[in-house]
Amino acid sequence: MKHINQNRMELSKLQEHIASGRKITMASDAPVNFKNARALEQQLRDKEFYQQQINKAKTTSQTAQQSLDEIVDRLIELKGIVLRGGNSAQGAQAYKALTQEVETIQEQLINSLNSKDGSGYIFSGTSSDTVPFSMDELGVGGVSFNGTNQVNKTQIEEGIFVEPSVSGQAIREVGGIDMFEAIEQTITALSMGDSSSLSAQLDDYDSLINHLIDQSATVAFEINKMDFVFERQESLKNTIQAELSSLVDTDFAETFSQIQQTELAFQSAMTVHSSIMNQSLLDYL
Amino acid sequence: MNSLIEISRSGIKVAQEGLNTTAHNITNANTPGYTRRRLITVPQHQIGGKGLQGLGVKSADFEYLRELRTESLIQTKQQELSYLEVKSQTFARLETSFVSDTGGDLDARTQSFLQSFGNLASSPQSRPARNQVIQEAELFIDAVKNVHSAIEQERELTQNHVQESIRKVNRLLEDLDGLNKTITSALNRGEQALAAMDTQVMKLQELSEYLDIKTVQSDNGQVRISVGGMEVLSPDLIQQLQLTKDSESEHLDIRLANSGQGISVESGKLGALLELNNDDLVTLSTDLDGFVSNLVQRVNFEHSQGYGLEDTQPRNFFSDMDGSASTLSIEEDLINNIDHIAAESISGVQGNGDIAEAIAGIKDSKIMSGYAPVEFAIHFISSPGSKVSALNEGIDLRNSEMELLTAQQQQVSGVNMDEELSNMIQYQQAYQGAAKVLESAQIMYQTLMSIVA
Chain F
1 MKHINQNRME LSKLQEHIAS GRKITMASDA PVNFKNARAL EQQLRDKEFY QQQINKAKTT
61 SQTAQQSLDE IVDRLIELKG IVLRGGNSAQ GAQAYKALTQ EVETIQEQLI NSLNSKDGSG
121 YIFSGTSSDT VPFSMDELGV GGVSFNGTNQ VNKTQIEEGI FVEPSVSGQA IREVGGIDMF
181 EAIEQTITAL SMGDSSSLSA QLDDYDSLIN HLIDQSATVA FEINKMDFVF ERQESLKNTI
241 QAELSSLVDT DFAETFSQIQ QTELAFQSAM TVHSSIMNQS LLDYL
Chain D
1 MNSLIEISRS GIKVAQEGLN TTAHNITNAN TPGYTRRRLI TVPQHQIGGK GLQGLGVKSA
61 DFEYLRELRT ESLIQTKQQE LSYLEVKSQT FARLETSFVS DTGGDLDART QSFLQSFGNL
121 ASSPQSRPAR NQVIQEAELF IDAVKNVHSA IEQERELTQN HVQESIRKVN RLLEDLDGLN
181 KTITSALNRG EQALAAMDTQ VMKLQELSEY LDIKTVQSDN GQVRISVGGM EVLSPDLIQQ
241 LQLTKDSESE HLDIRLANSG QGISVESGKL GALLELNNDD LVTLSTDLDG FVSNLVQRVN
301 FEHSQGYGLE DTQPRNFFSD MDGSASTLSI EEDLINNIDH IAAESISGVQ GNGDIAEAIA
361 GIKDSKIMSG YAPVEFAIHF ISSPGSKVSA LNEGIDLRNS EMELLTAQQQ QVSGVNMDEE
421 LSNMIQYQQA YQGAAKVLES AQIMYQTLMS IVA
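Which chain is which? The protein sequence lines are F and D, in order. Position 10 of the first sequence, counting from 1, maps to 10 under this note's numbering, and the rest follow consecutively. Position 240 of the second sequence, counting from 1, maps to 240 under this note's numbering, and the rest follow consecutively.
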């Protein structure tokens with residue numbers, strides 16, 4: 001009778017494994033495997049968390065890169081204007097038109113530098129709530145920077161951090177040349193029709209363009225780093241998931257075979273039990 | 001001639017008694033605690049002029065087939081089995097409260113709570129990130145309180161079970177005392193109180209489920225019982241048990257009601273319940289409190305070093321605990337204004353996420369018994385299940401032993417239907433044989449009477 005009950009319990013357990021798809025649901029099923037499975041689930045959640053961090057940081061980096069590319073384009077346009085202004089054949093009317101064009105580009109540059117993503121302003125350093133650039137007569141080149149020089153870091157793996165963006169201050173300045181100061185000088189030179197001053201500014205714009213390309217490359221390098229780590233984590237996740245599955249998931253083929261074996265033992269035990277119970281001396285009285 | 005009739009009458013009488021005994025055995029085959037009887041018959045003789053002359057048969061006694069050593073072993077195994085079963089059932093209930101497959105257990109909540117600071121570190125000014133910290137902290141607190149309340153409920157349930165068990169043990173002691181008296185009174189009348197002795201076996205087995213008793217059976221069937229070296233029942237003494245509870249620690253002790261002397265109960269249901277209440281559940285509760293307290297201290301230490309977005313006032317993240325996980329809560333200031341969550345290490349540099357990063361980094365600190373927070377949470381929530389697994393192995397082993405011992409006991413004391421039916425056939429034939437002798441004697445009488453007539 002005990003064996004019949006044992007077989008019945010075993011069958012019900014196997015049925016549960018098939019229905020739930022898991023052979024370990026509680027620590028009492030297999031304490032060591034349960035603990036290992038939970039530790040693997042912890043690692044899995046860690047990887048998923050870091051992947052979410054990467055996705056968030058990457059969105060910031062991609063927005064930053066797009067903005068930096070726009071800035072480079074605007075600087076190239078500015079360089080073209082400076083080149084045209086340096087040509088002494090320009091008339092006063094043309095200089096005025098060029099001045100307006102430069103002012104428009106200056107606005108566009110400020111707009112690009114004030115880009116936002118879900119976490120806030122991307123070039124305001126750690127002060128992501130603050131609008132980083134604003135027109136300000138007291139600011140260098142008439143534009144002040146309101147953010148911080150330090151940038152937010154994001155941890156994307158144990159001990160690995162990325163800086164998804166660059167500081168606005170670092171963008172506007174290179175080797176003592178300030179972007180907005182250069183633009184202000186260009187506007188002044190254009191309004192005065194000073195072609196020689198304009199020609200002298202070409203090198204500054206070249207330096208600014210190269211600097212912005214460098215900044216964009218820095219961001220691109222961070223994106224590559226994120227992509228690499230993301231892929232590595234994806235691969236690790238697959239390994240962990242496979243290990244986890246081997247620990248807790250039901251092996252259907254094996255379980256079905258166990259069900260058949262247990263069913264056979266169950267039926268045999270019942271047959272033997274009923275056959276013994278049927279034998280009685282009462283039949284011979 | 002007269003002796004022939006007497007001989008056959010004695011044969012019929014004994015065969016009838018034999019049939020009665022067999023019928024009694026058969027009808028009690030499934031009665032718990034029943035011990036089979038066997039009729040002892042002896043020949044009757046008398047010394048006459050021709051020496052020893054047979055006068056038939058008579059029933060001398062009923063043999064009461066008991067195997068005391070096996071019964072005592074069964075009692076011991078029963079105590080161990082009951083102890084293991086109570087513990088296993090309790091830890092299984094705790095395991096169900098600690099572990100779910102929905103992903104909201106203490107380990108996952110601890111990890112998500114610390115991760116929310118990692119998220120805040122990368123966007124320290126983000127309102128959603130700050131809200132997430134509060135939400136995850138609340139979920140972590142809920143998980144802690146669920147575990148804590150599961151332990152507390154189990155302790156309350158255990159204490160109720162202890163009281164219930166003491167009442168049951170006292171009733172059983174009273175019953176056994178009554179049985180001792182019935183047996184004594186039957187002895188005084190020169191009888192055997194077989195039914196009382198059957199009930200005694202059953203009651204002793206029931207009592208041994210509750211506590212580790214030592215029994216001594218006298219030759220006449222009376223029983224003496226001692227628990228933890230103290231005699232609680234003898235033919236002229238009964239000592240009831242009494243429960244005492246320390247109002248502060250809720251530690252339970254068992255004492256003798258008359259003398260107030262403490263007795264040690266280490267096995268059986270009661271032993272298990274006492275151990276659960278006084279040790280196991282206290283250890284679980286202390287471990288949880290220790291884990292939460294250490295984590296709170298670490299989080300508060302880091303948090304109070306940093307600055308929120310609005311001012312430079314140092315603040316704890318969690319309110320001060322009074323040592324119990326049940327009192328865990330987030331600082332009211334932080335719930336009212338999420339900008340007070342400290343994420344930055346330098347005052348005035350809004351957005352620096354160093355402090356949030358440091359708090360997230362606690363996940364790797366060995367904060368409790370050499371374990372990192374999530375590792376400890378996994379270890380903690382797995383502990384009841386690990387115990388259930390080990391206890392169930394013990395239960396399987398004891399069950400096998402009990403099965404073997406019960407089979408041994410049944411071989412001696414139990415009713416074997418085949419044997420009883422075979423006895424019935426024998427007694428039936430003996431009855432028919434004796435009746436035939438009587439019939440022959442009657443015919444002989446009639447023959448003689450017809451000659452005389």
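Worth flagging that the hints you see were computed from the coordinates, not collected in a lab. All C-beta atoms, glycine included, are put in the ideal place defined by N, C-alpha and C. Some hints here could point you the wrong way.
[As the list claims (entries may be wrong)] Each pair of labels, with its calculated beta carbon distance range:
1. Ala170(F) to Ser329(D): 31 to 37 angstroms
2. Asn131(D) to Val131(F): 21 to 27 angstroms
3. Met9(F) to Ile335(D): 45 to 51 angstroms
Now the hints, each set against the structure:
{"no.": "1", "hint": "Ala170(F) to Ser329(D): 31 to 37 angstroms", "result": "violated (43 angstroms)"}
{"no.": "2", "hint": "Asn131(D) to Val131(F): 21 to 27 angstroms", "result": "holds (23 angstroms)"}
{"no.": "3", "hint": "Met9(F) to Ile335(D): 45 to 51 angstroms", "result": "holds (49 angstroms)"}
Checked against the numbered hints above, the structure breaks only hint 1 and satisfies the rest.
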